[in-house]
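2 protein chains.
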Amino acid sequence: MAFELTNELLEQVIAHIEKKENSKLNELLSEMHHADIAEILDELSFDNAVYIIRLLDSETTSEVLMDVDEDVREKVLQQLSAKEIAEEIDELDTDDAADVISELPEERKQEVIQEIEDKEHAKEIVELLRYDEDSAGGLMGKELIKVNENWSILGCINKMREQAEEVTRVHSIYVVDDDGKLKGRLSLKDVLMASTTCKIADIAIPRVDFVEVNDSAEDVANTMRKYDLEAIPVVDELGILVGRITIDDIVDVIKEEADKDYQMAAGITQDVDSDDSIWELTKARLPWLLLGLLGGFSSASIMGLFDGALTNYPMLFLFTPLIAAMAGNVGVQSSAIIVQGLANDDIKGGVTKRLIKELFLAMLNGLVLATLLFLFSLFKTENSVMALAISISLFAVIIVAGLVGTFIPLFLDKRGIDPAIATGPFITTSNDIFGILIYFWLSKTIIGF
Amino acid sequence: MAFELTNELLEQVIAHIEKKENSKLNELLSEMHHADIAEILDELSFDNAVYIIRLLDSETTSEVLMDVDEDVREKVLQQLSAKEIAEEIDELDTDDAADVISELPEERKQEVIQEIEDKEHAKEIVELLRYDEDSAGGLMGKELIKVNENWSILGCINKMREQAEEVTRVHSIYVVDDDGKLKGRLSLKDVLMASTTCKIADIAIPRVDFVEVNDSAEDVANTMRKYDLEAIPVVDELGILVGRITIDDIVDVIKEEADKDYQMAAGITQDVDSDDSIWELTKARLPWLLLGLLGGFSSASIMGLFDGALTNYPMLFLFTPLIAAMAGNVGVQSSAIIVQGLANDDIKGGVTKRLIKELFLAMLNGLVLATLLFLFSLFKTENSVMALAISISLFAVIIVAGLVGTFIPLFLDKRGIDPAIATGPFITTSNDIFGILIYFWLSKTIIGF
Chain G
161 MAFELTNELL EQVIAHIEKK ENSKLNELLS EMHHADIAEI LDELSFDNAV YIIRLLDSET
221 TSEVLMDVDE DVREKVLQQL SAKEIAEEID ELDTDDAADV ISELPEERKQ EVIQEIEDKE
281 HAKEIVELLR YDEDSAGGLM GKELIKVNEN WSILGCINKM REQAEEVTRV HSIYVVDDDG
341 KLKGRLSLKD VLMASTTCKI ADIAIPRVDF VEVNDSAEDV ANTMRKYDLE AIPVVDELGI
401 LVGRITIDDI VDVIKEEADK DYQMAAGITQ DVDSDDSIWE LTKARLPWLL LGLLGGFSSA
461 SIMGLFDGAL TNYPMLFLFT PLIAAMAGNV GVQSSAIIVQ GLANDDIKGG VTKRLIKELF
521 LAMLNGLVLA TLLFLFSLFK TENSVMALAI SISLFAVIIV AGLVGTFIPL FLDKRGIDPA
581 IATGPFITTS NDIFGILIYF WLSKTIIGF
Chain Z
161 MAFELTNELL EQVIAHIEKK ENSKLNELLS EMHHADIAEI LDELSFDNAV YIIRLLDSET
221 TSEVLMDVDE DVREKVLQQL SAKEIAEEID ELDTDDAADV ISELPEERKQ EVIQEIEDKE
281 HAKEIVELLR YDEDSAGGLM GKELIKVNEN WSILGCINKM REQAEEVTRV HSIYVVDDDG
341 KLKGRLSLKD VLMASTTCKI ADIAIPRVDF VEVNDSAEDV ANTMRKYDLE AIPVVDELGI
401 LVGRITIDDI VDVIKEEADK DYQMAAGITQ DVDSDDSIWE LTKARLPWLL LGLLGGFSSA
461 SIMGLFDGAL TNYPMLFLFT PLIAAMAGNV GVQSSAIIVQ GLANDDIKGG VTKRLIKELF
521 LAMLNGLVLA TLLFLFSLFK TENSVMALAI SISLFAVIIV AGLVGTFIPL FLDKRGIDPA
581 IATGPFITTS NDIFGILIYF WLSKTIIGF
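Protein chains in written order, with our numbering: chain G, 161 to 609; chain Z, 161 to 609.
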């Protein structure tokens, strides 16, 4: 059953568009899931994509628009009138609607919001636009079922039915007090089995997980993952229930966070994929390479300072790539462990404890590696003092690299900066420089040149 | 409301255990979510953890056991009798139960399975143990609601109620034919509104997403993420409905896959975290560092071959760390883009097309970087031929590194090997060696020594 986007299918769609065979196109696409139609649109020219958006009913196309690549959506929306966009928005849940509108240029936002027919929907969307997109408020939707704790069961069932019509998937029924504050949740089973004269408060379950509007997306993801939740209510600073977040949005958050961290570690500015243009990929990659080049200039300049070595102990230079590589590798390893621990929220205890642990770890690894290097360099240089200098330097470099790799992400995190930038070119480059400096300085001290 | 594991709380729990204040302990823990109790257990000694597992009822502890770290679970289960484990298993859904049993030593598995009271449950668990843990079969549970397409609505409602008792969260009602083959799904709303004399087939929705038992966990995750599903049915090779996978398990799969790829890219053997012992962390890190050391030996040996340079053009050696670092950075960037594209299933088109794209990209980046290096090295060496040789080498190195970084993951993927191992020390080390080789060979050719 798995949908596969074949070249034949694409050609068929394009042929239908060119011959304006609308009924055939409708027939073909109506069988498909909106996520599959979105995949097709991602591959079409913008004119053809707009043709399909205009052809299909707005119930389908609104969902399709949510699933296409962001740059395709941007260009397609540019071709549509404010009224046409508003029609799409009308079909979307408030959270998706707010996401689409937030991507529009400032002046179009107002136009589109004014064109939305359902004024209640428009008001809710405007409320959502206030929140930062990486916060719980930015992720939540307004569609939820809430009942007042003072209602009777009988009165509540009708209210629930009304609200349920607007909600695609009913995850939970939330209980609030007269002020709208979140008080608990209801089990549908309990509602059906309770006597109709009962009050909601009698059967409400007081224990309910929730997040605050200002909590970060990452915190929400950690909470929902930890407690295996499919939806979580969101309250404002006063404890008033203002929305809910569903797991499908959190799955996207988890995936995007992971992709972002991975790209940062690899020295790629976030948000590119393999299908982007050479120009976009260059913009994402070149800045980090320039950083690396600058690092290389620094290493070269540092080595230039030790001109005694260059004349008397040129053999030392055979080992600079080894020293730099080991400094980079150790730094990346130790920073990755810390970055991941911070993301999963299981870094407990202070910075000092971490640094001491990394010190012992680096000493253990360093001892093994330095011993091997001593043997190799003795064989290579046939000079035991030089071999000793080289391997002691490696030992020192590994310790410093491990400590730097541990300290930097912890420091960045304390400062409120995403520690993920510390893994990758940033740490590799600085450790390369530190490594070379330590190597030549220690060698000079030991050998004496 | 967010639970936080404080030192005070831990001390309180330990104090209660030491004084054997069971009722106070019960009172304290009964308020907590099982995921929070699991966090506490992760920090306790094994004796204390076992004490709590024995104290609490098996309904709670079975869930707690699912949430503790794998090594804690292993040690706690060692302390429990087969009968005690079977009691925990009895409380778990089949998928969780199978996960726990699969971690036991071979001979204990049999003992525990024989002690399970519910024989139907035991049979289902045994069936699940057959599947690879990274496949749809290994992720699925047997708890689901299925109805026969030939039943009448009236007959089906009772059957559904019976099955629903065993299912914690009802996600979907699946429709099967007489052979048990998946035919569609039911909307609960349609069931409630249909005439009782209708047949199920009349109201079944034929369009239903599903996966096969042998599909990889990653494919299941991609499907559920793409279609925003909260549950997906699993069929066997004959199309017979055999289980269902829920989104909470998939969230864990996505997180684990991402963590694994991130660690591999950083040169850490999978499955360690910052709280593991120094010994475990060394086992995860040292092998990759040894690979790096070996790479360093190779670079040193290669440079040793160009002894003409060492005597006549020692300046060339100032730039080896720069060349090696750039080769590593470019290789990691290009491989990361491919690895991520492969994981998200959006690498379309052949290998050649990718390589040509990377070629142009590398040429563009290489031109910018080589120009800057030419200026810097001209200033540094005051020798235009040498500066030209150095910068042309960098240009060549960047192109080769980009192509290697693109090719290796695509090649590994074709061979069925996880391409993620290509990003990280593996590609950095091989590119270091290639880079140095190209650098000295080209310099020698251009300058002539």
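Mixed in with the good hints there might be a few duds.
Derived coverage of chain G by chain Z (criterion: at least 3 residues anywhere in the stretch with Cβ under 8 Å from a Cβ of chain Z; other residues may be distant) [what the hints assert, rightly or not]:
#1 313-321
#2 476-490
#3 522-536
What the hints contain is simulated information worked out from the structure, not anything from laboratory work. A virtual CB, placed ideally from N, CA and C, is assigned to each residue, including glycine.
Hints, one by one, checked against the model:
1. Check result for the stretch 313-321 of chain G against chain Z: violated, 0 residues qualifying (beta carbon to beta carbon below 8 Å, three or more required).
2. Note: the stretch 476-490 of chain G has 13 residues with beta-carbon separation from chain Z under 8 Å; the three-residue rule is met and the coverage holds.
3. Residue count for the stretch 522-536 of chain G with a Cβ under 8 Å from a Cβ of chain Z: 7. That meets the three needed, and the coverage hint holds.
Hint compliance for this structure: hint 1 is the single one not met.
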